[in-house]
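Undergrad: Line by line, the protein sequences give chains S and U. At position 21 of the first sequence (counting the first as 1) the number is 21 in the numbering used here, and the numbers step up by one without a gap. At position 12 of the second sequence (counting the first as 1) the number is 12 in the numbering used here, and the numbers step up by one without a gap.
Worth flagging that the hints you see were computed from the coordinates, not collected in a lab. Backbone N, C-alpha and C fix where the C-beta goes; we use that ideal spot for every residue, glycine too.
Reference listing, derived: stretches of chain U covered by chain S, where coverage requires no fewer than 3 residues with Cβ under 8 angstroms from a Cβ of chain S:
(1) 45-57
(2) 94-104
Below, a list of computed lysine-lysine pairs in the DSSO-like style, where the Cα atoms sit at most 30 angstroms apart:
(3) 110(U) - 11(S)
(4) 69(U) - 110(U)
(5) 57(S) - 71(S)
(6) 49(U) - 57(S)
(7) 102(U) - 71(S)
(8) 11(S) - 57(S)
(9) 58(U) - 77(U)
(10) 114(U) - 22(U)
(11) 114(U) - 77(U)
(12) 57(S) - 102(U)
(13) 102(U) - 69(U)
(14) 69(U) - 22(U)
(15) 102(U) - 11(S)
(16) 11(S) - 71(S)
(17) 22(U) - 102(U)
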Amino acid sequence: DTGVSQNPRHKITKRGQNVTFRCDPISEHNRLYWYRQTLGQGPEFLTYFQNEAQLEKSRLLSDRFSAERPKGSFSTLEIQRTEQGDSAMYLCASSLGRASYNSPLHFGNGTRLTVT
Amino acid sequence: AQSVAQPEDQVNVAEGNPLTVKCTYSVSGNPYLFWYVQYPNRGLQFLLKYITGDNLVKGSYGFEAEFNKSQTSFHLKKPSALVSDSALYFCAVRDAPYNFNKFYFGSGTKLNVKP
Numbered sequence: 001d002t003g004v005s006q007n008p009r010h011k012i013t014k015r016g017q018n019v020t021f022r023c024d025p026i027s028e029h030n031r032l033y034w035y036r037q038t039l040g041q042g043p044e045f046l047t048y049f050q051n052e053a054q055l056e057k058s059r060l061l062s063d064r065f066s067a068e069r070p071k072g073s074f075s076t077l078e079i080q081r082t083e084q085g086d087s088a089m090y091l092c093a094s095s096l097g098r099a100s101y102n103s104p105l106h107f108g109n110g111t112r113l114t115v116t
Numbered sequence: 001a002q003s004v005a006q007p008e009d010q011v012n013v014a015e016g017n018p019l020t021v022k023c024t025y026s027v028s029g030n031p032y033l034f035w036y037v038q039y040p041n042r043g044l045q046f047l048l049k050y051i052t053g054d055n056l057v058k059g060s061y062g063f064e065a066e067f068n069k070s071q072t073s074f075h076l077k078k079p080s081a082l083v084s085d086s087a088l089y090f091c092a093v094r095d096a097p098y099n100f101n102k103f104y105f106g107s108g109t110k111l112n113v114k115p
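Let's have the full structure, built from the sequences with the hints guiding it.
TA: Now the structure itself:
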């Protein structure tokens with residue numbers, strides 16, 4: 001178990017720029033989740049994938065946000081035309097699928113985004 | 001609707017004393033409950049879970065949690081706190097089967113253990 005890997009760890013960008021984050025889940029996990037965490041809050045659900053299919057998106061995920069998981073392996077989260085309100089920690093997590101209904105989420109260390 | 005409440009933003013305890021971090025939940029179906037710990041600038045680490053069975057579950061680092069269905073609570077406990085337990089703790093719930101795919105998190109409780 002090499003754990004969930006996220007890159008980059010930190011990203012500072014200017015308002016209006018586009019950013020992309022990458023997540024590599026635990027290899028045998030077919031579910032992948034993206035969460036956003038702001039200071040003093042718990043993680044908020046953004047979206048999740050079952051293999052390569054994006055099955056649910058939160059209303060928090062505006063049109064400027066897009067996520068992909070080609071071939072059901074790694075995932076990318078892109079934010080276009082960043083705004084200061086996008087500043088947060090973006091967490092990726094993976095888990096086994098529904099067949100392992102009691103499987104917890106395994107989190108990466110997150111990507112901290114600062115929009116100036 | 002699904003939600004998790006952690007009524008205490010911060011819990012202070014002396015090293016060696018027992019600790020409790022509170023969590024209550026609201027779901028439409030059956031709760032699958034989890035506790036996670038987060039250290040600064042790190043992701044969340046899984047501590048323990050309750051799915052079914054014995055109401056007292058044991059997890060990592062000597063932590064345990066008690067499920068109480070009538071009070072819709074899942075409080076995290078440890079008999080003797082360590083300074084190294086100081087961290088941010090999150091309770092989470094899955095709602096089976098109605099909204100099973102998502103984990104809902106509380107706002108977190110900061111645990112301070114003083115020597």
